[in-house]
Amino acid sequence: MRKRTTGLLALAATAALTLSACSGAEVGGGSAGGDDATAGTGGGDTIRIGIKYDQPGLGLQDGNEYKGFDVDVATYVAEKLGYSADQITWVESPSAQREQMLQTGAVDMIFATYSITDARKEVIDFAGPYFIAGQDLLVAADNTDITGPESLEGKNLCSVTGSTSAQKIKDEYAAGVNLLERPGYAECVSALVAGQVDAVTTDDIILAGLAATPQNQGKLKVVGAPFSEERYGVGLPKDSDRCEAINEAITEMIDDGSWEEFVSKNTEGTGYSANDELNPPTPEACA
Amino acid sequence: MSSSVLFDAPGPRGRRNMMVGNALGAVVVLGILAWVLLVLHQRGQLAPDLWRPALDARAWEFYYLPGLQNTLRAAAFATVGAVVFGIVFGMGRLSEFRVVRWLSSVVVEFFRAVPVLLMMVFFNVLFGMFFRGVVADSAFTAVVVALVLYNGSVIAELVRSGVGNLPKGQGEAGLTIGLTRGQTLRSVQLPQALIAMLPAVVSQLVVVLKDSALGQLIGYADLLRSGQILASGAGNPLQVLIVVAVLFIVLNYLLSWVAHLLAGRLSSRTSGKTEEGPGIGPSLAVTRGGAPSGGGH
Amino acid sequence: MDDYLSGFTALLVQYDVLGAFWTNIQLTFWGALLALVVGTVLAVMRISPLVSLDWAGTTYVNLVRNTPLTVIMTFLVLGVWTQLGVQLSSDFNLNFFILAVIGLGLYHAAFVCEAIRSGVNTVPVGQAEAARAIGLPFTAAARMIVLPQAFRGAVAPLGNTLIALLKNSTVAAAASVTGETAGTMKTMIEFQPNYIWEIFLTFAIGYVILVIPIGLATTWLSNRLAVKR
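Line by line, the protein sequences give chains A, B and C. Note that UniProt numbering gives residue 96 to position 96 of the first sequence, counting from 1, and the numbers run on in steps of one. Note that UniProt numbering gives residue 203 to position 203 of the second sequence, counting from 1, and the numbers run on in steps of one. Note that UniProt numbering gives residue 81 to position 81 of the third sequence, counting from 1, and the numbers run on in steps of one.
Rather than coming from a laboratory, the hints here were simulated on the basis of the structure. Treat the numbers as computed from the prediction; the structure is a model and nothing was measured. A couple of the hints might just be wrong.
What the hints assert, rightly or not - Label pairs and their computed distance ranges (CB to CB):
| hint | chain 1 | residue 1 | chain 2 | residue 2 | range |
| --- | --- | --- | --- | --- | --- |
| 1 | C | Trp197 | A | Thr46 | 33 to 39 Å |
| 2 | B | Ala26 | C | Trp197 | 53 to 59 Å |
| 3 | A | Lys265 | C | Trp55 | 22 to 28 Å |
| 4 | C | Leu88 | A | Lys168 | 27 to 33 Å |
| 5 | B | Ala47 | A | Lys170 | 30 to 36 Å |
| 6 | C | Asn194 | B | Arg181 | 34 to 40 Å |
To be verified - Chain B stretches covered by chain A per the calculated footprint, using a threshold of three residues with CB under 8 Å from any CB of chain A:
| hint | stretch |
| --- | --- |
| 7 | 50–63 |
| 8 | 135–143 |
| 9 | 228–238 |
| 10 | 248–259 |
Heads up, the beta-carbon is just placed ideally off N, CA and C, and yes, glycines get one too.
Generate the whole structure from the sequences, applying the supplied hints.
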C-alpha cells in the first residue's frame, strides 16, 4: 500500500518535471520571452521588443511575421543599436501590462502605441516621441451626423477593455454616450460594421489601420477631428542607458526619409495623413 | 431508477404521436437554424473570405496550435499543483491535530468560495508589481496559481470524502494490526481514496481547462486570446470564436469520456466508490460522503 | 493609521464596492431562476418517452457543459447581439446585463439538469411503478411523483450549482457588463496598487460571506428534505 502512495507521488513529481521542461508557446512562433528575465541591457545576442499583436497598421502578428508602423520603427531603431532584424524577439505587450513588462525585464523596450504620460514616467523611462497621434472616432463610411466627440450624445461607442479613451469622452464631451468595452478591436469593428455601435474610439492612426484591413475597406472612415495629443514614445526600464542612442536613431530615421516611408506604407489607401503641425516630432531630452 | 418504468412501450397510436412529435421538434430546430443562417448570410458572415482565414493552415500553425499549447500548459501545471495541494490539505483536514484540521479547513473553504477570475486578476497584478525578479510571466503564473488554489481545494474535499466513503472496516483493520491513525490514513485509506477519486479528478480537469480560458481576460495568450489576435488581422471574430469553441468542446468531451472510462475500470481496485465529478464546482461525491458542502464546517 | 483606514474606506465608497456586489447578486438571482427553469425542462426531456427530446436534452448538456463560460459570454455578444442583431432592451447597459443573465442561465441549466437527474436517481423504482400502477400517464407521474422527490434529493447538488453560479457571475465581465465585482476590483487594484491586499481581501471575504450562508442553507435543507428510505 505504501508503495502505491509513493508511486503516485513520484508520478506527480515526474509529471511536474516533464512539464517544466517544456516552455510556453509564443503565439506566432517567435521564441518565448521572459524566461531569462534578468538579461541585462546591451551586449546580448538578441533584443526583446514589446509590440501590439492585434493592431493592423501598427503592430500585427501576421502568421510568423510582424507588420505595422511600430514594427518598422522598432526594426529601424534596433538596427541603429546594433541588432539586425533576426536578432529581434517580438513579444506581445498588451496595454495593461506594458509598465509591468518593462519593470520585470520581460522586454527590453516597447514600441506599442505607448503614449508618454507623467504618471507612466514615474515608473518607467521614455525615449522619443517618434509619432504624435490624436484620439479620434471611426464611423461607418456613410455616416454624416458624427463629426466629433460632442456629437456622440445618445450614441453607442465601443473601445477596448482597459483603455481610458471612451471614459474620457463620457467625462469631457458627451455624458449621455453609451459605452461598450470589448477585449479586441476586431470585435468593436464588427459591431460597428453590423450597425450595433455608432463609433469606435482610440488614436487616429490605429483607427486608420483598422479601416484599411481588406474586410473593411470602403465600409469605414476616420472622422478626422483628433481631440487629444498622444505622443508615442519608446518605453524603457527606469534609468535605462539606451535613451540617448534611441533618440539619435529616431532623429536619423526622420531625417533620412524612412519615417515618412513607414507612415505612408502602413496607412496606404486609408486617406489618413498624420497631423502635419505636430509630425514628425522632435525627440525630448532624456531624463 | 430507470426512466423507462415511467411510460409503457408505445402502441400504434402512441408511436404515431411520437413520430409527429419528433418531426415537429425537428422542424422547430431546423427552422431556428435556418433563420440563424439566413441572418448570418444577409450580414455576409458566411462569406468564404471570413471562414477561410479562420480555418486554413496558417490559422492552425501560428494561432490555434500555439494558443492550445499555452492553454494545455497552464492546465497541466494547474492540475499537478492542484492534486498536490489537494492531497496535502485533504490530509490536513483529516489530521489528528486540531490546529492542522482547523487551518486546512479555513484554507480550503476560503479558496472554494472566491471566484477564480478575482484570484487571477489579483495575482496577475501582485506578481507583476511586487514580485518582479521572482515571477517572469505574471499572467501565466497568475492563471496557474488561481487554478491550483481553487481546484486544489475541491480536490482536498474529494480526498476527505473519498476517505470518508471507504468502508469503516478499512480504517479499523489498519488500527487493529497496530498502525497509528496517521499510518492507517497514509498507507491504507489514502491510496484507496485516491483511486476512487481519480475519475472525479479527471472530471475536474475539464473545469481546469474551461477556467483557463478566463486567462484571456488578464491577457494570457491562451487559445481564446490567440484566436482574438488572428481575428484582428482577418476581421472575423465570430468565425474564429466558433472554431475555438469547437476545439474546447472536443477536448473537454474527450476528457469527460476518459473520466467515465476510468470510473468503470478502477472500481475493482478500491473498496470505495469510483465516481465522476459533474464538471462544475465541488463534486457531487463531496455531498454524498456525508460531509456538508459549501460553507464553513 | 487613521489616514490609512480612512483612505481605504474612501476607496470602497469611491468605487462603489457594495454596488458591484449588488450587480453580481442580481446577475446570480436572475441567472439562477433561468437555470432552474431551463434545467428542469432539460431534465424532463431526458427522462421523457420522446427519443428526439431525450436526444436534444443530452446534446444540449454535453455541448454546454464542455464549453468555457467565457466563450459562451463572448458568443452572446459577438454572435447573438452583434451579428443576429438581437436587442433585448432599449437601455444599452441593461441589454448586456440581460445577455449575461442568459449566458449564466443557459450554462448552469446543464448542471441543474444533471443535479435533478442525480435526484431522480435517488427515487426508488417502486415509486414510479406505483404511479404507473394507479394509471398516471408520464406527465402526471413525473410532475406529481418523481420530480417532487427528485428535487428533494437534488438539494445538495443544486446548492453547489448556485454557489458556482454566484462565483461565475464575475465572468459577466466577458459580456461587457460594467460595475460588477471583477471589473471593479481590477480597476481599483490598478489605480491603487498600494492597497492591493486590502482590496483583494475585501472582495474575497465578500464572496465568502455570500457563499457560506448558501452552503449552510443547502446542508440544512438537504438534511431536512431528505426522504427517509
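Verification of the supplied hints:
{"no.": "1", "hint": "Trp197(C) <-> Thr46(A): 33 to 39 Å", "verdict": "holds, 37 Å"}
{"no.": "2", "hint": "Ala26(B) <-> Trp197(C): 53 to 59 Å", "verdict": "holds, 57 Å"}
{"no.": "3", "hint": "Lys265(A) <-> Trp55(C): 22 to 28 Å", "verdict": "violated, 56 Å"}
{"no.": "4", "hint": "Leu88(C) <-> Lys168(A): 27 to 33 Å", "verdict": "holds, 28 Å"}
{"no.": "5", "hint": "Ala47(B) <-> Lys170(A): 30 to 36 Å", "verdict": "holds, 35 Å"}
{"no.": "6", "hint": "Asn194(C) <-> Arg181(B): 34 to 40 Å", "verdict": "violated, 47 Å"}
{"no.": "7", "hint": "50–63", "verdict": "holds (count 5)"}
{"no.": "8", "hint": "135–143", "verdict": "holds (count 6)"}
{"no.": "9", "hint": "228–238", "verdict": "holds (count 10)"}
{"no.": "10", "hint": "248–259", "verdict": "violated (count 0)"}
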